[in-house]
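S.K.: If you want the building blocks of each chain, they are given just below.
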Amino acid sequence: MSASAIFVLDLKGKVLICRNYKGDVDMAEIDHFLPLLMQHEEEGLLCPVLSHGSVHFLWIKHSNLYLVATTNKNSNASLVYSFLYKLVEVFTEYFKELEEESIQDNFVVVYELLDELMDFGFPQTTDSKILQEYITQEGAKLEVAKSKVPTTVTNAVSWRSEGIKYKKNEVFIDVIESINVLVKPLIWIESVIEKFSHSRVEIMVKAKGQFKKQSVANNVEVRVPVPSDADSPKFKTSTGSAKYVPEKNLVVWTIKSFPVRYMKIIEKSGYQALPWVRYITQSGDYQLRTNV
Amino acid sequence: MTDSKYFTTTKKGEIFELKAELNSDKKEKKKEAVKKVIASMTVGKDVSALFPDVVNCMQTDNLELKKLVYLYLMNYAKSQPDMAIMAVNTFVKDCEDPNPLIRALAVRTMGCIRVDKITEYLCEPLRKCLKDEDPYVRKTAAVCVAKLHDINAQLVEDQGFLDTLKDLISDSNPMVVANAVAALSEIAESHPNSNLLDLNPQTINKLLTALNECTEWGQIFILDCLANYTPRDDRESQSICERVTPRLSHANSAVVLSAVKVLMKFMEMLPKDLDYYGTLLKKLAPPLVTLLSAEPELQYVALRNINLIVQRRPEILKHEMKVFFVKYNDPIYVKLEKLDIMIRLASQANIAQVLAELKEYATEVDVDFVRKAVRAIGRCAIKVEQSAERCVSTLLDLIQTKVNYVVQEAIVVIKDIFRKYPNKYESVIATLCENLDSLDEPEARAAMIWIVGEYAERIDNADELLESFLEGFHDESTQVQLQLLTAIVKLFLKKPTETQELVQQVLSLATQDSDNPDLRDRGYIYWRLLSTDPVAAKEVVLAEKPLISEETDLIEPTLLEELICHIGTLASVYHKPPSAFVEGSRGVQHKRLPGSAGSGDSVDSPDTASAAGVSEAPPAVIPSQGDLLGDLLNLDLTPPTATGPPPAPSSGLQMGAMDLLGGGLDSLLGGDLGGSPALGAGFGAPPAAMPASFNAPVSGGLDDLFDLGGGVGMPMGSYSPPKTVWLPAMKAKGLEISGTFARRAGVIQMEMTLTNKAMSVMTDFAIQFNRNSFGLAPAGPLQILTPLSPNQSIEAALPLSTVGPVMKMEPLTNLQVAVKNNIDVFYFSCQYPISMLFVEDGKMERQVFLATWKDIPNDNESQFQIKDCHLNSDAASNKLQGSNVFTIAKRTVEGQDMLYQSMKLTNGIWVLAELRVQTGNPNYTVSLKCRAPEVSQCVFQSYEAMLKN
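Heads up: the sequence lines are chains A and B, in that order.
Residues in the first sequence are numbered from 2 upward in steps of one, following the numbering used here.
Residues in the second sequence are numbered from 401 upward in steps of one, following the numbering used here.
Source of the hints: derived by calculation from the structure; they are not laboratory data.
Please note: incorrect hints may appear among the correct ones.
Unchecked claim - Result set (SDA-like, lysine to any residue): computed pairs, CA atoms no more than 20 Å apart in a straight line: (1) B:K1290 - B:N1321; (2) B:K682 - B:N729; (3) B:K426 - B:D446; (4) A:K97 - B:S404; (5) B:K1220 - B:S1160; (6) B:K435 - A:Y112; (7) B:K478 - A:I177; (8) A:K62 - B:Y733; (9) A:K209 - A:P226; (10) B:K727 - A:C19.
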């Protein structure tokens, strides 16, 4: 139905910890995972499902770890990925950061959690709030806490412990909107490359702001790639300064202030503010690409 | 202090030290030691030697320690089955512990210890746990049944655990229900015919109730199980759909997809005019859109599934084009899938938006993505006719970017656009031609060549363009070579006067200098076509091509139905049925959509009918053309072993393929050789006339130029016809073969005179036949022991058997022969008189004759006139008898002698004849009756030949 085994690997493909749930896939199959991944990556065919013979690897990457599920059945793939992300969530709740070190530092709890989170390939209780009621990192506390099963484990509403009371019944909603855009270059770069003799190249670079004069961009850097064997550079700039960075094979032209402005997001609809609802617009990534 | 310290003890004697610590009296020390053991296990060290010591720590009230020991047991029990027994008692005891966590832990772990001996002891504790008062224990026990079933299915059945498991579907706790469903589904999957999940409206109701109350994972188990149910009618279907629909708003993508699966399946049963049907369609869109905000891997699974959903029910997402627009930071696998769906959703209404997007994508940085985007523009043009013009101009803009791979991809898709809208956008050809030099990928080169060939009449310098490709012909990939060959032939047919040299050049490159059979075959076919009938060639090569279809890569409908039933699973990600990648699932029934099951049957029936039609047709023994050439070219001299069946006279085999190579092959080769310098040397003569005569106007008939007549028109021989030239020296680098056939003492012989008209000595002769109507084959090697000097002739008699491979020829007695010597391989064809095949025991009993004559339908009778024959009936009878035509009876009626005769062919076919001879009349009448009427013509010709010689 879902996973035969779950592995946590480091970036080199070494198994940090694993749990065999069903025993129908050879645990040594995981050795094929990283070579397979690298091969696909090289061919530009990276894919969240990789297969080797009859074994399928479903994987995600989190910081410096690969979380991999193996199966040889027609598993529910969306369940497996959801579970792997849930695993990350639970581990993060437990260890703050999920990374190679935290797995090693907490391997006993990791084993305990793996045992509790999934049984025979079926995800079980994965709510970290509830898990923390009976699986804790403090061995000393265990004896008391673990004497009974928290009722929430098998409750209808798993995410809310019983008996919580509030003075006021209020609900707060955060509407978070994140914008990721690829914008047209705000600074237009033109370059003319002229070869003079066997040994001399002249590169003329022009930068043009696309916006009104009053807006300014600070610390603009224009990087001009040059051949690796370039030497004796000579610069002439109308504004800013240029310098040769031989270790990167670049000429970097720095302009302290440049007439351009950043993108501004204006909410045009003029939404009505509702009590308890907060709209948060985050500026996501901006990427500028220029043709040089 | 973290656990990492346990990983650091790696010194020698570690195991020994650990052993001591494990047996320590201090609890804390014991626990530390077990942790160290587990740490070693984690890094892959073998700590199985500590098994007894670790098991000794099992009896503890410290839960953490117990868990660690259990973990150790799960890992090593299999390698130490005997010692694992030691743990049984503690397990059994733990299953009765007052703490439900320990009871559940024990039953969970026991199920994971896959040791037969332990499973026996597992049964009793499991039985108790299945009825435990605590739902946490019951839900764990439910899964344990599936584990035990995996180890020992029989035991589980014998112990009645399956029934208990079924009972748990009615458990009061939804988690228990969910796990019971999961366990049953798992067991049912490995036993497809067990009817375990006996779903009925009552159980379905229980499942639907539990669905609202259990965890996200439990919901998935239940939904996946529901998807296997087939409602009795549309009302039940609708009521299930109504109760499943709320799951569509779950935050977990897997829950959403499993709900979509149930709905997509049950929707099939709803009448389309039902209001609810429309409502449901509308409800499906938002959750599918929301899936695209999940993590990239989940997006990927969702997109692969949406691809299926869009093919099955395009109406659901037809207004949602925008959400499939690619984000620049999407991973490549998401980008590519989105592109696919964009094309599927492209319509006249949204094409402008789509094109604008695609054009942006074409300037992205990822090469694979850019290529696919360019291709997508082409697919849009083909799919949405109104947009074709805009697509073409977008592609032209992209070509102007001069980005190499963009240009190449654009040319490939423009070729497809031409295939869809012929003669509409030729104005762009000029632009395409400008980029000829930059094309370095075979697909793009082939596409460009195709375009030049297709529109050769409108491209002034088409010949120059194609010629430029021809220079490096042998370095090109096969697809380019094939395309170039076709394009040049097209060009020749369109502009014959200027391009003769070019076509000659490409034909000889393809047929002589290439090892690729596809190329060679295509070359021969063109050559033959051009040489026999240029008009036909024009019709074939320049035929109007069928337009390419709009939708590409659609999944075949039955597979699509099956995949819809597997939404969310690996099958839906791979777009393959589970049987294609899951071992041992071959016998498993393919899932089908419910409503379509009936309609599927009706679709099947014409299929079955046509399949039956095929089976009635004669078993096809027509070898492919490749085989044929292979046979001829493969000149090893192993005697033919296959005892082919006699030719089935009524089989009506097709002769088409043969015709191409029959008379043509040798003549083609002959004509061709005339022009080759190699022959010039060996022959001592100036190159033959072909290249020169190529300058003749085409209407004059290429057949003359190629000297077609060669092998075909062999005159029909008599009993022992005089030798005729089978292979002229012109065509065989100086080797001339003339020959005849004879039947001597019951043995068929091929009698040949081989003459060396070349300047050099010929040695190493060998011969081979192509398959033929009567299975003639050399009975031994060709015996020419001495080298054949220039101007020398040698006689050779080759005994033939009739046990070679059989293939019906046209004409029936045609024989294709390959002769090899130290210089080359040569081909010719000749015909043998069918009387060679009349066997000595061909005299039929009178009674049998009469009965047979009556029995053969009159339709099979044919009558021929033999003119100017001056023998009387007895002389005729005698003469015929010499060739194994036996007179059985003679009757004289009104001055007319009627001879009743029989003959039998080597393959057992009987031919019955009535020969009427009237005194004083030199014209005989022959009536032939045979169950295989196609031999009659040959037999008649033999009669004439036998009687007149």
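S.K.: Hint by hint, say whether it matches the structure.
M.R.: Right, here's what the structure says about each hint:
1. B:K1290 - B:N1321: Holds - the C-alpha atoms of N1321 of chain B and K1290 of chain B are around 18 Å apart, at most 20 Å.
2. B:K682 - B:N729: At roughly 30 Å apart (the allowed maximum being 20 Å), N729 of chain B and K682 of chain B break the hint.
3. B:K426 - B:D446: Judged against 20 Å, a Cα distance of about 25 Å means the pair is violated.
4. A:K97 - B:S404: holds (17 Å)
5. B:K1220 - B:S1160: holds (15 Å)
6. B:K435 - A:Y112: holds (11 Å)
7. B:K478 - A:I177: violated (52 Å)
8. A:K62 - B:Y733: holds (15 Å)
9. A:K209 - A:P226: Within the cut-off at roughly 19 Å; holds.
10. B:K727 - A:C19: violated (35 Å)
In summary, the numbered hints that this structure violates are 2, 3, 7, 10.
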